[in-house]
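What follows is the residue order along each chain.
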Amino acid sequence: MRNLIALSLIQVTFLAACGGGGYTSGGGPPPSQNIATPGPPNVETITVDMGPSGVSAVNTAYVSIQICVPNNPAMCQTIDHVEVDTGSTGLRILAGALNLTNVPLPQETNGTPTVFMTECLRFADGSSYGSLRFADITLPVSMKTASSVVVQVIGDPLYPTVPSTCPGPAENTVTAFGANGILGVGPFAQDCGSACVATAQPSTYYSCPSTSTCGASTATLAQQVANPVTLFSSDNNGVIVELRPVGSAGAATVTGSLVFGIGTQSNNALGSATVLQEDTFSGLITATYKGTAYSHGFIDSGSNGNFFTDSSIKTCTTPPSPNPWYCPSAEVSETATLQGTNAMMLTANFSVANADGLFNTGYTAFSNLGGTNPDPTGMGFDLGLPFFFGRNVYTAIENATAGSYVGPYFAY
Amino acid sequence: MKLTGALLSSIVLTAAVATPAFAALGGDSATVQADVARMKGALRITSSAGVTVHEITTSYGTVVREYLTPGDKVFAVSWHGPVNLDLRQMLGDYYTQYEQAASMPHPGGHRHLAIEQPGLVVQVSGRMRAFVGRAWVPGLVPQNFSVNDIN
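Chains A and B supply the protein sequences, listed in that same order. Using my numbering, read the first sequence as starting at 161 and increasing by one per residue. Using my numbering, read the second sequence as starting at 7 and increasing by one per residue.
Errors might be hidden in some of the hints.
As the list claims (entries may be wrong) - Estimated spans, in silico, between C-beta atoms of each pair:
1. S152/B x P200/A: 57 to 65 Å
2. D99/B x S216/A: 28 to 36 Å
3. N259/A x D99/B: 38 to 46 Å
4. N194/A x K79/B: 24 to 32 Å
5. S472/A x K79/B: 32 to 40 Å
6. D99/B x N194/A: 32 to 40 Å
7. S370/A x N150/B: 47 to 55 Å
8. D34/B x G517/A: 28 to 36 Å
9. G407/A x S152/B: 38 to 46 Å
10. P405/A x S35/B: 30 to 38 Å
These aren't lab readings, by the way, just hints derived from the structure by calculation. Ideal placement from N, C-alpha and C gives every residue a C-beta, glycine not left out.
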């Protein structure tokens, strides 16, 4: 509580500074969007659709990725519908989408040859558990490659016993997870970082003398699941997610580009984008909305809606009860001001339409899907994939120089 | 009720108990001690209007607060930090109810979860390096205590 009070005071100071002539940009109609053409050396194709069979995804961006046994190009599998997530770090594949018989990825050890490592990946709504294995990866359109990448194989049948310290609900199947895998290209270089080097964190990394006796373990930075972008030989300081605009009625599918690197090629310059430096510890920024500063702000392709607090917008009355999606009787236009830990500010315009009406279309992409934010501090402000439609959103990785700034930052 | 004022009278203890146990919601102050040991954290105890708050801070920036009734029962827990907590430990006997409710389809995907049932409220939000959550048992919350003060 004391930390939050301290943050609030800092925000007030910044806001006052901005009101006195600080930088604000991004207001008005969005500038014409230039989407990089997919292909080598650094642009992957993104598709927003229903997801893999058995999943009815909404506002979820996917790429395909090829997984190979290291140094064995004959033992490969291309996995479709891997979610592009700028809010997590690391490549993870669901065992249900991977043929480990044909592609027997070697396991990572903790340094002792027979003691293998597993991980419990924590989300706000559950956990995904599985082995850590090495793979050579290729993004099939850009032909970006990385060798001996530590990949989490979620739901690995070799480790059917989920440790009791990896709490549920389990998201270890394609249908429970909502994708065949997840490509975490967020602002951090490793998923856990230094905290897991020093101490065996609860519910994170495990060492397994046998497949059913996994205990909490430390993990060196090299042993941890890393942001795959950092492992590329070039274009490795961040990504740009470039998705086409979606109108008020939604869209059945949307395509776009995942651009690797910032300021490294002619197609990924920072240009006129405004940089919002993130808190280096938490990756958070501040969003000011209707006079309130929300200190737990972020922009995140892995969120399928814009989640924020506004008691003037009614929530849906259809089941479940309570239903956290917003259901205004007519579409409403909203504005927030985003502010990084630097003095830069950006105007964030977005709309909110009736979620029931949107879902009734059967479409998969909505720029105006919003819901309440359950962040218990009341400080949450999450601009999810809806915010990405029609904007090129930059996510720069911690400690990397991207353009003339050092990550972590958001920009658009 | 303002709990911040009570921080002035806080006591700082260090972990000394090594009893492994699942604790927290519905438990008593002895189970809080077990949590301190499990998390290798430092404990600060504050109290106001009969409600005692045990705050555990770990070396890696996670803060857990456990709210106890005048009758020494944990009626609420909250947490924030870079990793999401072991909810089986935090929710104790209420974990099964949480897991069943959280397994239902819900808005917010991997980033947000809100459970609002007559016997249990759980709110979790965040992503890697920045999680925040709280849970309480409405039937255990003291009459003069506002749940807005669980944070």
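Practice prompt. Could you tell me which of the hints above the structure violates, numbers in ascending order?
Written response: 4, 6, 8 and 10
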